[in-house]
Amino acid sequence: MSRLKVMRSDNENAGLKQLMDEEHKARAEHERAERSRRAEEERLEQVRKDNVARAAREKRDREDEVRRGQAQKEWEQYQEHVQQQRKLEEAARINRPSMLEISRAISAKAATVAPRKRKALQMEYTSGVVDLPGN
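According to full-length UniProt numbering, the sequence shown is numbered sequentially starting from 1.
Just so you know, the hints here were simulated from the structure itself, not pulled from any lab data.
Heads up, none of these hints are tricks.
Capping the alpha-carbon separation at 25 Å, the derived lysine-lysine pairs in BS3-like fashion look like this:
no., residue 1, residue 2
1, Lys49, Lys59
2, Lys87, Lys73
3, Lys73, Lys59
So the derived label-pair ranges between C-beta atoms look like this:
no., residue 1, residue 2, range
4, Arg57, Leu19, 51 to 59 Å
5, Ala33, Ala55, 27 to 35 Å
6, Ala28, Arg67, 55 to 63 Å
Idealized CB from N, CA, C, for every residue including glycine.
Please take these sequences and the hints and turn them into a complete structure.
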């Protein structure tokens with residue numbers, strides 16, 4: 001009988017061992033599946049973060065491009081303005097009467113003007129308020 005008990009006990013132990021092995025395998029499979037699911041969730045979250053970052057970078061790049069275009073346009077307008085100012089200054093310099101012409105005009109006009117008005121006339125000619133004769 002004790003031999004029968006030992007066999008039954010061995011069979012029960014083998015059955016328990018098999019159950020424990022199956023439970024261990026099931027738990028290990030469940031843990032692997034859970035790790036795999038978490039890894040997939042983390043990968044999807046990283047992809048989402050990358051997409052958000054890329055979209056923000058592309059938006060910033062587009063805004064920078066618009067700003068660069070505006071800055072370039074403003075720079076070109078400024079350069080055009082400076083060039084126009086230089087042309088105007090050059091034209092004014094070329095058309096400005098020389099001091100010799102001014103003094104001749106003052107002398108010619110002064111001969112016909114009363115002495116007290118000569119100084120005022122001279123001031124008008126040198127300030128450019130009055131056109132010189134012949135211009």
